[in-house]
Amino acid sequence: MVELAFSITILTFFFLYTYYYNKYDYNIYTFDPNNLIYLNSSCNNNLYIYKIINLTNNNITVCYFGKQVNSTYIQNYKPVFEYLYAGQDYFDPYILIIFK
Amino acid sequence: MKSQYILLATIIIIIILSFITYYNPSPIDNINPNLIGKNFEDQIIYIYQNFGYIYIYNYTLHFQNYTKYINYNFSFICISSYNLSIQECTGNNTNCCHYFNGYFTVNKSILKYCNENFILYNPPDWICFCYNVSSSNNYYINFFCI
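Protein sequences, first through last, are from chains A and B.
First residue of the first sequence: 742, per my numbering; consecutive thereafter.
First residue of the second sequence: 79, per my numbering; consecutive thereafter.
Hints in this document: simulated from the structure, not taken from any laboratory.
Errors might be hidden in some of the hints.
In silico DSS-like pairs for lysine-lysine, Cα to Cα no more than 25 Å straight-line [claimed, not checked]:
#, chain 1, residue 1, chain 2, residue 2
1, B, 146, B, 80
2, A, 819, B, 116
3, A, 841, A, 819
4, A, 819, B, 190
Take a look, some chain B residues computed to stay more than 10 Å from chain A by CB distance [unchecked claim]:
#, residue
5, 129
6, 177
7, 217
No residue lacks a Cβ here, since even glycine has one placed at the ideal position from N, Cα and C.
Turn these sequences into a full structure, and let the hints guide you.
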């Protein structure tokens with residue numbers, strides 16, 4: 742009976758941990774959109790894992806620390822920030838999603 | 079012996095669940111609606127300052143599709159002395175614009191979307207957006223003028 746109670750306690754803590762971990766493990770407020778406007782589809786930034794969805798031509802580019810990769814390559818990473826930019830030098834709307 | 083089985087079963091369950099959680103990262107489902115509103119606001123201002131107001135209409139269309147895609151409700155009413163090509167508000171519709179020359183008289187339908195402070199903003203030339211972002215459990219209403 743004691744073992745059963747012990748197991749139930751461990752499982753309960755595990756469920757609570759997983760639930761809150763998934764909900765609050767990242768802090769979306771720590772990203773400043775003004776600092777990320779320079780990320781573009783040429784993958785010239787090796788600090789982030791990000792995806793750019795160009796809304797003009799629907800092209801999707803995935804950059805993994807400065808290297809262009811396939812979408813499946815980052816499927817185990819979690820999106821932690823997303824933003825719909827209007828464009829950089831001219832109007833060319835795109836969605837930026839940062840993964841961690 | 080029985081107690082060992084129970085502990086062993088607990089450990090196995092935890093390992094299995096850990097793998098499931100690790101390999102199924104959840105999509106962003108908790109963006110605060112005020113961050114979405116801020117995204118809209120900042121980019122409309124950016125467009126106006128850098129590309130010109132003629133692109134505002136196009137951005138609002140993209141923004142509406144985007145918010146729908148991530149399961150947020152987004153709607154706006156704008157008040158503008160420039161013709162933004164956004165459809166004109168008639169009655170109770172949203173995602174529309176009130177166009178005016180000179181001074182604009184704030185009516186009740188706009189105040190549903192705008193904060194009372196909005197009345198203070200009434201210079202001759204401006205573009206204002208009153209917007210509303212809501213998700214299943216949270217909402218945000220704000221306005222800005224450029």
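Evaluated hints:
no., hint, verdict
1, B:146 / B:80, "violated (53 Å)"
2, A:819 / B:116, "holds (22 Å)"
3, A:841 / A:819, "holds (5 Å)"
4, A:819 / B:190, "violated (37 Å)"
5, 129, "violated (5 Å)"
6, 177, "holds (22 Å)"
7, 217, "holds (17 Å)"
Hints 1, 4, 5 from the list above are not met by this structure, while the remaining hints are.
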